[in-house]
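S.K.: Sequence:
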Amino acid sequence: MTTYFTETHNQLKTTIHKFVEKEILPHIHTWEEKNEFPKELYKKVGDLGFLGLGFDPAFGGVESDIFHTMVLVTEMMRSTSQGLLASLFSHSIAIPPIDKLGTDEQKNKFMKPVLAGNKIAALAITEPNAGSDVAHIQTKAKQQGNHYLVNGSKMFITSGCRADFYTTAVRTGGEGHEGISLLLIERNTPGLAVEKKLDKMGWWASDTALISFNDCKVPVDNLLGEENKGFYGIMANFESERLFLAGMAVGSAQVAYEKALEYAQTREAFGGALIKKQVIRHKLAEMTTLLTVSREYLYSVCQKKKDGEPILKEAAMAKNFCVTSCQTVVDEAVQIFGGMGYMRENPVERLYRDMRLLSIGGGTHEVMNEIIAKFL
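Residue numbers (the numbering used here): 5 to 380.
Hint data in this document are derived by calculation from the structure and do not stem from the laboratory.
Be aware that one or more of the hints could be misleading.
Stated by the list, open to error - Using 20 Å as the maximum straight-line C-alpha spacing, the simulated PhoX-like pairs for lysine-lysine come out as follows:
(1) Lys280 with Lys263
(2) Lys22 with Lys221
(3) Lys47 with Lys146
(4) Lys317 with Lys221
(5) Lys22 with Lys38
As the list claims (entries may be wrong) - Derived Cβ-Cβ restraints for the label pairs, each shown as a range:
(6) Thr7 with Ala62: 26 to 34 Å
(7) Asp311 with Asn122: 48 to 56 Å
(8) Gly343 with Gly195: 47 to 55 Å
(9) Gln282 with Pro314: 29 to 37 Å
(10) Thr292 with His369: 37 to 45 Å
(11) Glu266 with Asn14: 41 to 49 Å
(12) Ile364 with Glu109: 33 to 41 Å
(13) Pro42 with Thr292: 31 to 39 Å
(14) Thr332 with Leu52: 49 to 57 Å
Note that CB positions come from ideal geometry on N, CA and C, so glycine has one too.
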């Protein structure tokens, strides 16, 4: 790891590790069962600067690089909850368009309080009939004087129930990607409703919502960038999101592998520790191989991003490979634990449920393959 990390990255890793041990792990099972965590946690991570990593210091961000973000993602996964990570850092997909396209006034109003942990931001793109196919969203925004009138709905919105505002993709023009804009829509806007908190297979600690807009009046001043140019801001955002999800996969696989290894070393069966059985040793050998190769490839792609190289294909490849590897590693961890791996109090059971979403979110596995195929 010395190829990619400096002393500042190592210091961050230590800080996050201590934070997870003290503030999260003693409570995570309870939060998972309650399907939420305390809102005060946003302020705690904000005070430590975790929320500001990678954003403009002039508006509450922290000077950092992509490897600080990778340290954040992988170490926070020691919480054993992808749902916690997804909601606690939902701003990581909601704030980048503001950082890139927003005016100073918009950054001060929307971005600064989120990075301080005082407000919660969510990204609202997916709709009941448009997920990975972003170019076909149907939520409409029609300008009327100094407002847009917004009508439509958004589905599977992470932090949708708690968010103070939504970075929202709307259709202001014709069909296709050329007609999409981004609006900042505040929670208290008349006509905006959280219709339902959605129940999920995994990511229990994350609130996920269906929200609707019914003649929702949004000030023209809340338009991000140019009208009908929002699609490009969304696409630029996806690249970082895919690396973030790949990091979650690597962090999840690391935790699952470590817990399986520890269990195999201490669990007695058939006259000795599980680790003495060749079949178990070979499982662990394959798990650590997949984990190591995934991590090294992901970090090599992050280095390209840091160097300013285009990584559209590489980010898609990293997401698919890291997620597929994670699925194998976590599945084998459950198998090594046997019946205990199927119990709710066991972290590998939670990781097993949580990891299923990684090949769907941020662009499905199949969409990633389409991106890669375009470079053949």
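S.K.: Each hint should be assessed against the structure and marked as holding or not.
M.R.: Status of the hints after comparison with the structure:
no., hint, result
1, Lys280 with Lys263, "17 Å, holds"
2, Lys22 with Lys221, "45 Å, violated"
3, Lys47 with Lys146, "36 Å, violated"
4, Lys317 with Lys221, "39 Å, violated"
5, Lys22 with Lys38, "24 Å, violated"
6, Thr7 with Ala62: 26 to 34 Å, "31 Å, holds"
7, Asp311 with Asn122: 48 to 56 Å, "35 Å, violated"
8, Gly343 with Gly195: 47 to 55 Å, "51 Å, holds"
9, Gln282 with Pro314: 29 to 37 Å, "45 Å, violated"
10, Thr292 with His369: 37 to 45 Å, "23 Å, violated"
11, Glu266 with Asn14: 41 to 49 Å, "24 Å, violated"
12, Ile364 with Glu109: 33 to 41 Å, "36 Å, holds"
13, Pro42 with Thr292: 31 to 39 Å, "35 Å, holds"
14, Thr332 with Leu52: 49 to 57 Å, "34 Å, violated"
When held up to the earlier numbered hints, the structure conflicts with 2, 3, 4, 5, 7, 9, 10, 11, 14 and fits the remainder.
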